[in-house]
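Listed below are the residues making up each chain.
Protein chains: 2
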Amino acid sequence: MPQLTEKFRNAFRVHPAGVSIVTAHVDGRPVGMTVSSLASLTLEPLSVSFSLSQLSGSAGGLVKASSFLIHLLGEQHADLAGTFARKGTERFTEEQGWDYLATGEPYLPSAPAALRARPLAVTEVGEARLIAAEVISVIRGPDSPALVYHDRQFLSIAQLQLAAAD
Amino acid sequence: MPQLTEKFRNAFRVHPAGVSIVTAHVDGRPVGMTVSSLASLTLEPLSVSFSLSQLSGSAGGLVKASSFLIHLLGEQHADLAGTFARKGTERFTEEQGWDYLATGEPYLPSAPAALRARPLAVTEVGEARLIAAEVISVIRGPDSPALVYHDRQFLSIAQLQLAAAD
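Quick note, the sequences are listed as chains A and B, same order. If you count the first sequence from 1, position 17 lands on 17 in this note's numbering, and the numbers rise without skipping. If you count the second sequence from 1, position 40 lands on 40 in this note's numbering, and the numbers rise without skipping.
The set of hints was computed from the structure by calculation and includes no laboratory data. Even for Gly, the Cβ is constructed at its ideal location relative to N, Cα and C.
On the chain B side, residues computed to face chain A include the following (Cβ under 8 Å):
no.	residue
1	8
2	40
3	44
4	121
Chain B side only, calculated, beta carbon under 7 Å to chain A, not exhaustive:
no.	residue
5	14
6	15
7	18
8	39
9	41
10	43
11	53
12	72
13	120
14	123
15	128
16	146
17	150
18	160
With the rest of the complex left out, here is chain A:
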């Protein structure tokens, strides 16, 4: 049903989403990708959900990880979010500002928040995986206006906050 798929894509194209980069240390190398499905799940156990739409490339590494570092991104990360959303791009370069936790996960110190988490449940739906993960620790970084994905663009929430303050 290609027409149904097209209507579905059009509906979601304009459904706004916060943006995160999920990283892990898997098979001796760093993996990471941009995720726009992150949501708080519940406080007991402290947990989040996110999904990986297919298991090629970086997602295939993430789904094997025993722990993740989930970075909630700020407006200054628009380019980085684009890089980690596309296949075949250069990841974890020196210029991108990555550090590494003692536990191995690539860490972006400029992210407003990073949640260290471990998988609780993985649901298979076609080629996708829907992941529930328990949050073990929260690392606060510098505050900055959040990044929003909408209509294939990464935008800053700052304009919305200004409009709301009027």
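Guided by the hints, dock chain B onto chain A, whose structure is given.
For chain B alone, kept in the frame of chain A given last:
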């Protein structure tokens, strides 16, 4: 660990999210609630994910439903989203503009899009339920700027679009 929970809440408070109202017809009555965790999952099968953080009230009805109608909300639905996010509020009043599908689900014709879906998988995490649902049909409504939830406010994406066009 109340401090960890507090840091987690603070991080998510400023993580932006699109807003939907999920409705169903369960045990002869309409149920519905505001959900800020809706995300596209995969195109094959055409599917979405969302979560219910606790099973009291309307969420308890939704989790029993054999089909849902997931409304992606526009900026004009800020008050309605607030009503369906709180417990004990008046739902499905005449003034709110609800119609009903032949299949029973409450339908909001003013929503930019409504996805009819049925549950594929339900994952239990504490009191929460993480739901993967197959999309059966997509009903288009009038276009309008999307609603965004951020910092406990429902905001219009329109300001972001204006800023991006500059």
